[in-house]
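A.B. asks: Next come the chains, spelled out residue by residue.
Number of protein chains: 2
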Amino acid sequence: MIKQEIDIRKIEDIAQRLRAIAHPVRIKIISMLENTDEMNVTTIFNKLEIEQASASHHLNILKSKGILQSRRQGKSTYYSLKPNSIANLLGCINTCAK
Amino acid sequence: MIKQEIDIRKIEDIAQRLRAIAHPVRIKIISMLENTDEMNVTTIFNKLEIEQASASHHLNILKSKGILQSRRQGKSTYYSLKPNSIANLLGCINTCAK
DNA sequence: AAAAACTACAACTAAATAGGAGTTTTTATT
DNA sequence: AATAAAAACTCCTATTTAGTTGTAGTTTTT
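If you read the protein sequences in the order shown, they are chains A and B. The first sequence begins at 1082 in our numbering and counts up one residue at a time. The second sequence begins at 1082 in our numbering and counts up one residue at a time.
The hints are simulated quantities; they were obtained by calculation from the structure and are not laboratory data. These numbers were taken from a predicted model, which means no experiment stands behind them. Be aware that a few hints might be false.
Same chains, same label: a pair holds when it works inside one copy or across any pair of copies.
[Unchecked claim] Derived pair list, reagent style DSS-like, types lysine-lysine, alpha-carbon separation capped at 27 Å: (1) Lys1146 - Lys1128; (2) Lys1091 - Lys1146; (3) Lys1146 - Lys1163; (4) Lys1144 - Lys1091; (5) Lys1091 - Lys1156; (6) Lys1163 - Lys1091; (7) Lys1128 - Lys1091; (8) Lys1144 - Lys1109.
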């Protein structure tokens, strides 16, 4: 019936991921991490002047979307950009933007 | 500050567009139009068994996102796929899907 | 026990959807 | 020319859904 199958779930997934990234706080986190190798949660929520729980929530979203990675060292968890994730993101934008 | 500028508006725009496409009724409309050259609004809302106003609304969304085009002939408005729009859409998905 | 981060929950906000009613545009009829 | 009918569009409202924030409580490590 359909020449080329359009997978609604795939589209929904990508749309959701892009929209998840497109949030003021999360864009700020990404920007900060482009200049610094890695940051722990305390540093991030202090710099952004938001609640700890809020920072944790946003960080988790970015990590689940494959934008960030984290490693635990002692009591702290350090977040950093996942290699190539930004390049992929920009490539995605270039392909999709008409 | 940011090595590569991330345009939040661009991301939001693409996310919104993809999400607009990812709707059951609109996917059905796209699928139907992949098999038929063009269809008028009455045919579409009858086939999908939805309200006329609803069909009009969904068609307008798809047109505004550059997926469909329309032409008026007499009392009817005929909708069809905008050339290359589906190819672009699928290319977009391939680039963004990880 | 204390520090750091995560998780869960509830309240609030914003966006999307569907339905009904009314409006515009075009054609047909008298 | 006036009116009616068909087709599609627009507007408004109610409902639903998704996302955000904040508080409180829990887990993990020192």
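A.B. asks: Please sort Lys1146 with Lys1163 into within, between, both or neither, judging by C-alpha distance up to 27 Å.
C.D. replies: Within one copy, since 10 Å is at most 27 Å while 31 Å is not.
A.B. asks: First find the shortest C-alpha distance between Lys1091 and Lys1146 inside one copy, then the shortest across copies, and answer within, between, both or neither for a cut-off of 27 Å.
C.D. replies: Both. Shortest intra-copy (14 Å) and inter-copy (18 Å) distances satisfy the 27 Å Cα cut-off.
A.B. asks: At most 27 Å between C-alpha atoms: does Lys1091 with Lys1156 qualify within a copy, between copies, both, or neither?
C.D. replies: For Lys1091 and Lys1156, the Cα distance exceeds 27 Å both inside one copy (37 Å) and across copies (37 Å).
A.B. asks: If the cutoff is 27 Å on CA atoms, where do Lys1144 and Lys1109 land: within, between, both or neither? Let me know, please.
C.D. replies: Within. Shortest intra-copy distance 15 Å satisfies the 27 Å Cα cut-off; inter-copy 33 Å does not.
A.B. asks: For Lys1144 and Lys1091, with the copy left unspecified, which applies at a CA distance of at most 27 Å: within, between, both, or neither?
C.D. replies: both (19 Å within a copy, 21 Å between copies)
A.B. asks: First find the shortest C-alpha distance between Lys1146 and Lys1128 inside one copy, then the shortest across copies, and answer within, between, both or neither for a cut-off of 27 Å.
C.D. replies: So Lys1146 and Lys1128 pass the 27 Å test inside one copy only (23 Å; across, 38 Å).
A.B. asks: Could you place Lys1163 and Lys1091 in one of the four classes (within, between, both, neither) given a Cα distance threshold of 27 Å?
C.D. replies: both (22 Å within a copy, 21 Å between copies)
A.B. asks: Is it within, between, both, or neither for Lys1128 and Lys1091, if the alpha carbons may be no more than 27 Å apart?
C.D. replies: Intra 35 Å, inter 25 Å, cutoff 27 Å: inter-copy only.
Hint 5 alone, counting from the list given before, is not met by this structure.
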